[in-house]
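Asker: Taking my numbering, the leading residue of the sequence shown gets 213, the next gets one more, and so forth.
Treat the hints as calculated values from the structure; they're not laboratory data. As the structure is a computational prediction, the values presented were derived from the model and not from experiment. Backbone N, C-alpha and C fix where the C-beta goes; we use that ideal spot for every residue, glycine too. Careful: at least some of the hints might be erroneous.
[What the hints assert, rightly or not] Here are the computed lysine to any residue pairs in the SDA-like style, where the Cα-Cα straight-line distance is at most 25 Å:
no., residue 1, residue 2
1, Lys720, Ala732
2, Lys476, Val414
3, Lys613, Gly482
4, Lys361, Gln332
5, Lys562, Gln723
6, Lys888, Ser691
[Claimed, not checked] Computed Cβ-Cβ distance ranges for the label pairs, DEER-style:
no., residue 1, residue 2, range
7, Ser410, Arg582, 42 to 48 Å
8, Asp382, Gly499, 18 to 24 Å
9, Ser371, Gly713, 41 to 47 Å
10, Ser276, Thr334, 35 to 41 Å
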Amino acid sequence: MIRSFLLLLMAAFPLVVISQSTPHMKFGKPLKEELDMEYYTSDSSTSAVVLVDYGESRIVYNPSQGWQVQFERYTRIKIFNQAGYGWADVAINLYESTNGKERISSLKGFTYNLENGQVQKTKLEKSSIFEEQTSENWRKHKFTMPNVKEGSVLEYTYSITSDFLFQFRDWSFQRVIPTAWSEYLAIIPEYFDYKQLSQGYVPITIKEQDISSGSLTYMAKGTRPSGNIRNPNSGTSRSAAKLEYINRRYRWAVDEVPAFKEEKFITSVGDHLAKIRFELSSIKYPGQPTEQIMDTWETLDRKLSSSDYFGNAIKKEGFIKDQVIALASTVENDLEKLNRIFLFVQDEMKWNGKNAVYVESTLKRAFDKREGNTADINLLLVSMLRRAGFVANPVILSTRKHGQINTYYPLLTSFNYVIAEVKLDGNTYLMDATDKFCPINTLPYRCLNNSGRRISENSGWVDLTSTSRTLDVTDYKLSLDEDGTLSGTLTESLKGHLAAGQRESIHKNGQESVAKQRIANKPGWSLHGYDFNRLEEVDQALISSYEISISEGAQSVGEFIYLDPILSQVLKENPFKLEDRQYPVDLGSPYKQTYTASITLPSGYTVDEIPKPIATKMPDGSAVFRYSIQLAGNEIRLASQIQFKKAVYNSEEYATLKEFFNVVVDKHNQQVVIRKI
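Using the sequences provided together with the hints, build the complete structure.
Answerer: Shown next, in the form of structure tokens:
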């Protein structure tokens, strides 16, 4: 019967086979050519290369535990120089809960070195293996490979047994060093439907799908939980029973995987590495109805709305009635009322540093303690705003480091944060009261990650990329001496995320420390005084002023002085180095930078040569650069303005954006030539 079913399934199940075999993977027998290798031909600059990375995951039946995921890994790495020594340190994350745990076993490893033409083999000892608890549900298993030198080949293997079917192992084909061969095999019984989510920009060399038969023997004795998933026991008899089923086998492999090159303005590196992920969608055992694991967005919305630790928590707002009345009763303007309630929560509540979608216990308990996680604080804000009559709702999101949301797959585990949203007079206001330095409609930079989801009767997606514009205005008023020394004042005006970051730094480190840091690592700069204004007015621009002198801002040579008018290293080097960037440039928010300078010439000098003005923009007008400099009397007056009108530039715009920056950098590096009359 199983054979007949196999033939039918093979007819319906498409096979994609590209014939290519896995390279050498005999543990304990390194290849001589790998030990002799002095550099990696595909990337001669790399400090190390992953020679082989092989993983295999399969779902198996354990008579005492039910269905489990078994994962095995084999990795071999070549070290070229000291910069690659860090690849000898390995960390493996293991999950645990009241429903089960993940267990590591069969860990072994060797380091191989060539000594006088002979292979020296050093074993990974137990003393180099340890484990630490990193959170309530996560442990980290660590080990360090021994006797690592330039030219070493490292080899290790281990197995993991997991009680959690939803923790089917993801596989990353790519790292920040190149990988010569990466292969992953997944064997999944027909009862389990996993959605496969692939990402990254590296083409798959091998992609195979086929099927095979499987069987298990179990004692039919009633349904029993295995982690969070049922096993196939469904009868009441204690007799042995045999079950035959179909395994779906998937194989992916990639050769010559390039190193992932990280540049500035990126969210989470994990969002862009070439990898494959698995999300358990449903389970269908023989003779039983389908158990849906992956919700629809509408189901997820309803679950959150009815949860005692989310939607129902907001409704229990009797304990804040008096506070809301006191805050709102004397204010007639709705926007002022909104701001007053927001400031109350922002001032009264202390964030404990934990990101969460659910409250830890109750909002009342968090309010009594005046402390809580992101859900405690911002759901409290939503509750108070609703009590005051506002149309307020929570918005769940994923922070930049946590990774971007895939809007096609409704998974609550993709989210780790909550903010508040208010609709007022046709405008949308987004708020995060955990941050003491962000006003209404300015979210912390960590929250600017594409989109979040509003949880309400009118659930939907909320754009998080353009809640406010970041402004940076720098102004110099300086006098130039004959010896090339500049002295005077530097004034800065910051708004948005830059202002929030500066205020937080001043709060933590003090004004003097921040002022000294402003001139740190700037050759020839000296600080003679400083002042900060509007420190507490977080909805206003933060104004900073510094009394400075700069001994290396200009060079005096004979009767000439060569002046660098852009003194703050403002875009004097292109941040984009890659020939081709395959992931977006994410600024977080629109950005505008204005740089002005007024420099008084020494008596008896005039301008001999001055940069030409320029006005340029990207073809779609989303980035604009204007630069002008002129002599007015005995003053050089410079104005440079760079504006990015959108927060995210896609990979197709990278070449144009890079060239735009080249124009800016070239102009910002041009000098003014001053001549003695």
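Asker: Against each hint, give a clear statement of whether it holds in the structure.
Answerer: Hint check results:
Restraint check for Lys720 and Ala732: the C-alpha separation of about 18 Å stays at or below 25 Å, so the hint holds. Restraint check: the Cα-Cα separation between Lys476 and Val414 comes to about 21 Å, which is no more than 25 Å; the hinted pair holds. This hinted pair checks out: Lys613 and Gly482 have alpha carbons roughly 8 Å apart, not beyond 25 Å. As the CA atoms of Lys361 and Gln332 are separated by approximately 12 Å, the hinted pair is consistent with the 25 Å bound.
For the hint pairing Lys562 with Gln723, the CA-to-CA distance comes to about 23 Å; that is within 25 Å, so the pair holds. As the CA atoms of Lys888 and Ser691 are separated by approximately 16 Å, the hinted pair is consistent with the 25 Å bound. Restraint check, Ser410 to Arg582: a C-beta distance of roughly 45 Å satisfies the suggested window 42 to 48 Å. Range check, Asp382 to Gly499: Cβ separation about 32 Å, and the 18 to 24 Å hint is violated.
Checked against the hint of 41 to 47 Å, the C-beta distance between Ser371 and Gly713 comes to roughly 45 Å, which is consistent with it. Range check, Ser276 to Thr334: about 38 Å between beta-carbon atoms, so the 35 to 41 Å window is met.
Violated hint: 8 only; the structure is consistent with all others.
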